[in-house]
Every structure is written in structure tokens, then in C-alpha cells.
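Using this note's numbering, the letters of the sequence shown map in sequence onto residues 1 to 269.
Source of the hints: derived by calculation from the structure; they are not laboratory data. Treat each hint with caution, since some may be false.
Pairs of lysine-lysine residues, derived as PhoX-like cross-links and limited to a Cα-Cα distance of at most 25 Å, are as follows [to be verified]:
#, residue 1, residue 2
1, Lys91, Lys247
2, Lys122, Lys187
3, Lys22, Lys91
4, Lys250, Lys186
5, Lys190, Lys159
6, Lys71, Lys173
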Amino acid sequence: MIKKFILIATLSVFANADLNEKIQNLLGYSDYNTHRNLINHQFGNQNEYYSNGYVNYAKLTQGLENNGLLKLNFGSTQNIDVTFNIQGNTKKSIKNLTDILKVLGHQYFITQDETVVDNTFKWTIKVKTAAAISPLRLSQELQSINCNIVDIKREGNYKWDYSIDMRNSTIYKAENLVGNNQLSLKKPSKPYMVMIENASRISINSNAGNSWYPSVVFYDSDFNMIEIHEEDSLHNSLRLSVPNNTKYIKIDDLYSLANLKRGITITKE
Numbered sequence: 001m002i003k004k005f006i007l008i009a010t011l012s013v014f015a016n017a018d019l020n021e022k023i024q025n026l027l028g029y030s031d032y033n034t035h036r037n038l039i040n041h042q043f044g045n046q047n048e049y050y051s052n053g054y055v056n057y058a059k060l061t062q063g064l065e066n067n068g069l070l071k072l073n074f075g076s077t078q079n080i081d082v083t084f085n086i087q088g089n090t091k092k093s094i095k096n097l098t099d100i101l102k103v104l105g106h107q108y109f110i111t112q113d114e115t116v117v118d119n120t121f122k123w124t125i126k127v128k129t130a131a132a133i134s135p136l137r138l139s140q141e142l143q144s145i146n147c148n149i150v151d152i153k154r155e156g157n158y159k160w161d162y163s164i165d166m167r168n169s170t171i172y173k174a175e176n177l178v179g180n181n182q183l184s185l186k187k188p189s190k191p192y193m194v195m196i197e198n199a200s201r202i203s204i205n206s207n208a209g210n211s212w213y214p215s216v217v218f219y220d221s222d223f224n225m226i227e228i229h230e231e232d233s234l235h236n237s238l239r240l241s242v243p244n245n246t247k248y249i250k251i252d253d254l255y256s257l258a259n260l261k262r263g264i265t266i267t268k269e
């Protein structure tokens, strides 16, 4: 019994030390030491900030923001370097991160480096922004596609390093036709992306007032293109066979999304 208690206490100490290190990595050494007492008080029950053995960065950064500890604004537009260390499929991961960054308001970035080190894909970008990428919002959006931030390191205000497990990711904001037989989708701001399983055929019907030039692409689970179907003639409806191993379908118009402005209905057969 005594040995068991000692083991639990030891593990708790290691967990607390690890979380303190994560907080320091987020705030920087100076701010961490300045607010050490507040941090110890607010994050006293540190086990609350772990999930499945990993730090829950969404919850941790929410706590830091609630207490005014996580400072992200620069006061003027700056160039910052952000490195993503990714475990997972490279093509799908870059697509997801690119789409998430745009949703978070970071439209302007360029790739600085792409390398693979010890089976980890490192993607470094330079972002032009008036505020650093929000770790809270990034964590939340990644969780929505079954991804987790494993570690965050901050080197001053203008350099951030993220380690992310994206091995079980789905495509960001893909419509779900896995658990549904039919979807009615509204006017798109970008091509429709649909997640699908166990379908031999689909029918796509444009809503009243629409007619479009179909562009339909089928992808596998790693977002490799399997097949593409395009027609340079106007359609109100389309029925297509679904290739084997299809996981995602992109539905677009050859010329303009305005042709789909009234939305579509997709039915799985």
C-alpha cells in the first residue's frame, strides 16, 4: 500500500513538473516567473489538464487566456516563423493546416522549409500577421478532425514550434455522408468536400434555379486522387459510380461556384 502511494505521488510530481514546463514554453521564461504564484494557484489541480496521457492544450490555453497570461498581439504587423512537426500523412496534414490557418485569419504565409526527420514531417512557414496564431483556437480546430497538439514551444514573440499528432485525421470541415444517406448543402464558399463510406453510387441534384458544369474528384483516405469526372455541359443532376477505396469526394464547378449558389442535394446509393 505504501509503495503504491509513493508511486502515485511520484507520478503526480512528474506530471506537475511537465505541465509547468509546458506553461513556461507557452509564456516564455520571463512571463512565467513573473506570474508563477498565479499559475501555481490557477493550475494547482494539474491532472485536469491531461487527456489520455497528453496535455490538453485546448483546456490549458483556455485557462491561460482566461487569466490574461497568454499574450499574442504584436501591436503592428510582423513576420513570424512557425514550424509544425507532424506525425501523419503529409498531403492531408498540409491541406488541413492550410485550411485551418485561413479560418483563423492567417491568409498570408509562405513555406520556408519542408523536411522529414525521423519520420516526422517538418513544415516551416513565415506568417505575416498582427498577432501570433492562437494556440487555443488551433487546438480546438485540430480536435475537430481527431488531431492533438503534443507540444508547443515559443521562442520569443516571433518563433513558434508545434508538434502535432495527425495520424488519425479526417479532412477539415468535410460534410459527413458516412452516417447519413442524404445531405442537403447550402451555397458554397469553396468546393464541397464530402466524407463517404460504403457507397457504390451517388446522385448529385442541384436545387431549383441551379445548373452547373460538374467537376467531381474522388480521393482515398490519404487524400490521394483516385478518379476525376468533369463535363463541359450544364447539368441539373448527375449520377456517378463511386470508385473502390473512396473516402472523400470534392464537388466543384468547372468555371464558377456561382453556378451552385442555390446548393445541392447528395444521395448515397
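Check the structure against each numbered hint from earlier and tell me which ones fail, lowest number first. 2, 3, 5, 6
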